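Trainee: Here are the chains, one letter per residue:
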Amino acid sequence: MIDHETLTHIAKSFGLFYLIAMSIGVLIYAFWPGNKHRFERAANTVVSDEEDRPCP
Amino acid sequence: MISQLTGTERVLAALTFLLLVLFGMAMAVAGRDDLIGPHGWIIALSGMAGIIALLRAYGAPEPSPSRLSEYYDDPSKAGIVLTLIWGVVGMLIGVWVAALLAWPELTFDTEWASFGRLRPVHTSGVIFGFGGNALIATSLHVLQRTTRARLPDQFSPWFVLFGYNLFCVLAASGYLMGITQSKEYAEPEWYADIFLVIVWVVYFSIYIRTLMRRNEPHIYVANWYYMAFILVIALLHIVNNLVVPVSLGHAKSYSLFSGVQDAMTQWWYGHNAVAFFLTAGFLGMMYYYLPKRAGRPIYSYRMSIISFWGITFMYMWAGSHHLHYTALPHWVQTLGMVFSVVLLVPSWASAGNALLTLNGAWHKVRDDAVLRFMMLAAIFYGLTTFEGSFLAIRAVNSLSHYTDWTVGHVHAGALGWVALISYGSLYALTPWLWKRPALYSARLVEWHFWLALAGTVIYVFAMWNSGIIQGLMWRTYNDSGTLNYSFVDSLVAMHPYYIARAFGGLLFLIGAVIALYNIAMTIREPRPVATESASDIPLVGQPASAVQAGE
Chain E
16 MIDHETLTHI
26 AKSFGLFYLI
36 AMSIGVLIYA
46 FWPGNKHRFE
56 RAANTVVSDE
66 EDRPCP
Chain D
3 MISQLTGTER
13 VLAALTFLLL
23 VLFGMAMAVA
33 GRDDLIGPHG
43 WIIALSGMAG
53 IIALLRAYGA
63 PEPSPSRLSE
73 YYDDPSKAGI
83 VLTLIWGVVG
93 MLIGVWVAAL
103 LAWPELTFDT
113 EWASFGRLRP
123 VHTSGVIFGF
133 GGNALIATSL
143 HVLQRTTRAR
153 LPDQFSPWFV
163 LFGYNLFCVL
173 AASGYLMGIT
183 QSKEYAEPEW
193 YADIFLVIVW
203 VVYFSIYIRT
213 LMRRNEPHIY
223 VANWYYMAFI
233 LVIALLHIVN
243 NLVVPVSLGH
253 AKSYSLFSGV
263 QDAMTQWWYG
273 HNAVAFFLTA
283 GFLGMMYYYL
293 PKRAGRPIYS
303 YRMSIISFWG
313 ITFMYMWAGS
323 HHLHYTALPH
333 WVQTLGMVFS
343 VVLLVPSWAS
353 AGNALLTLNG
363 AWHKVRDDAV
373 LRFMMLAAIF
383 YGLTTFEGSF
393 LAIRAVNSLS
403 HYTDWTVGHV
413 HAGALGWVAL
423 ISYGSLYALT
433 PWLWKRPALY
443 SARLVEWHFW
453 LALAGTVIYV
463 FAMWNSGIIQ
473 GLMWRTYNDS
483 GTLNYSFVDS
493 LVAMHPYYIA
503 RAFGGLLFLI
513 GAVIALYNIA
523 MTIREPRPVA
533 TESASDIPLV
543 GQPASAVQAG
553 E
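Line by line, the protein sequences give chains E and D.
According to the working numbering, the first sequence is numbered sequentially starting from 16.
According to the working numbering, the second sequence is numbered sequentially starting from 3.
Among the clues, some could well be false.
Covered stretches of chain D (chain E as the covering partner; in silico rule of three or more C-beta atoms under 8 Å from a C-beta of chain E) [to be verified]: (1) 65-73; (2) 212-219.
Okay, the calculated beta carbon distance ranges per label pair [to be verified]: (3) E/D64 with D/S68: 17 to 25 Å; (4) E/I39 with D/I221: 18 to 26 Å; (5) E/L22 with D/I54: 53 to 61 Å; (6) D/V347 with E/W47: 20 to 28 Å; (7) E/F29 with D/H365: 45 to 53 Å; (8) E/G40 with D/A62: 49 to 57 Å; (9) D/R211 with E/R56: 21 to 29 Å; (10) D/I54 with E/M16: 22 to 30 Å; (11) E/H52 with D/A440: 32 to 40 Å; (12) D/S184 with E/W47: 47 to 55 Å.
Because the hints were derived from the structure by calculation, they are not lab data.
Here the structure is a predicted model, which is why all the values come from computation and not from measurement.
From the three backbone atoms N, C-alpha and C, an ideal C-beta is built for every residue, glycine too.
Working from the sequences, and respecting the hints, build out all of it.
Mentor: Here is the structure:
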């Protein structure tokens, strides 16, 4: 049975850290030098005129 | 559209329609003494309409294999038209309920025209009818363009579009009859909810199956937002609608949760409906159509990723700010408040990203009302998320809660952000999909823009004034320590603002009607494609497909 104490315990231990860990993970992914090219390509492809047919 | 289905897909469609008729009839029979009965008939009749459409197209040749070298945009086209129609209907009911607040005698002594029944028709009509159809129509377009892959099949997108609209019809007609489970934005009863789950699973499967066949290595950020929208809405919808019906022949059901757990589940749902339906989905729209229309890539792709994860993971915890000063444990209220305040960071990152994308293209914003719609939407997104974080602070909430300030906040977001980004995107998308050189009338877009802006500003300022006056009147004590004003006193003080609000809404409604007219005329008008505007047009070199001889 989940009671109030269990929930507060989880919130104060695990819950305190997992979002911080995830934020660090996201920041590493976003700023990883190897990803720079992929991101730029993705952003530029959207505004190109050459995307109006599916690839064969 | 039946002729676009392959043989197997036609069999699948026939089975689906038969199941609809079967379940509809069963509901109509089992619920003949209950309000579920009429809904059974609606479901059965929609299945029969499908069967008739199938039979009329019987023997039509299968679609040619050459279709596979084109994107499948017909569901998006139908979705655009449905969006605009639901927009006019939902906003018309909105003006009506706004007028009811100012002039309560407008119910004409009928049950269905009472405020309690019409209000959810307005909220569901604009959020799910208008917003949901806009999301389905644009998501299928963005998904194909950014993955450079055609939709996996021809049947499932139509099933999602029509199934979703059947759900919307069941919802709206149910409210008028008096069916509701009394949960805000989750009013439809159990059978409609189960149906929506099926539709939603198919919707998500379209996304996954297209992504699996994608020809771009990286999944563009707009798709992440659309997928978060689909996935989280499924999760919220299922958990918040865990109910036990009285019987299979009754519309009425009872929630699995009780008391404060039920309230917390509802507002976990309710706030994340704002977060994932009205924010994440429309951010997906913004991240595609705004750069596309401006002709400039998004200012910072990195920032869009960081704000995506911030928005998706932090919104989950913000719902409890709807329950400040209630029986909810104090720490849960504080948790919701803190997450709401922190949410300002990824929200402003998104709004800033959009505006910085336009930096250097301001002359386009000045000249192009379509792009201006999107710019204004980003500004309202920034304003509304700031206001939202502010209102979630417990001390501020003690003044604002239960007042019209909340209503003003919601409409700053719904009119200023959701509706403007939708209209901007649809205005951009319509000429591309129908292969027209431009919209029917750029002047009408200007008219719509200024009507929408004026309507939103009037609405929001009226509600700010009335909300703060209301909040202050409810907490003013006199020398003997009792409340200085009765509730009716505050109601009388609201009257002029309610009239102003109805007027602001009316302006916005006129804009929605203009949009419907403008896009309908764009679709009807067989204008040839000019080659110089090729950047807007998918099929360069095949303008003939837009104009048939004798048309």
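Trainee: Compare the structure with each hint and give your call.
Mentor: Cross-check of the supplied hints:
no.	hint	result
1	65-73	holds (count 4)
2	212-219	holds (count 3)
3	E/D64 with D/S68: 17 to 25 Å	22 Å, holds
4	E/I39 with D/I221: 18 to 26 Å	22 Å, holds
5	E/L22 with D/I54: 53 to 61 Å	54 Å, holds
6	D/V347 with E/W47: 20 to 28 Å	21 Å, holds
7	E/F29 with D/H365: 45 to 53 Å	52 Å, holds
8	E/G40 with D/A62: 49 to 57 Å	52 Å, holds
9	D/R211 with E/R56: 21 to 29 Å	24 Å, holds
10	D/I54 with E/M16: 22 to 30 Å	55 Å, violated
11	E/H52 with D/A440: 32 to 40 Å	36 Å, holds
12	D/S184 with E/W47: 47 to 55 Å	48 Å, holds
In terms of the numbered hints stated before, the structure departs from hint 10 and from no other.
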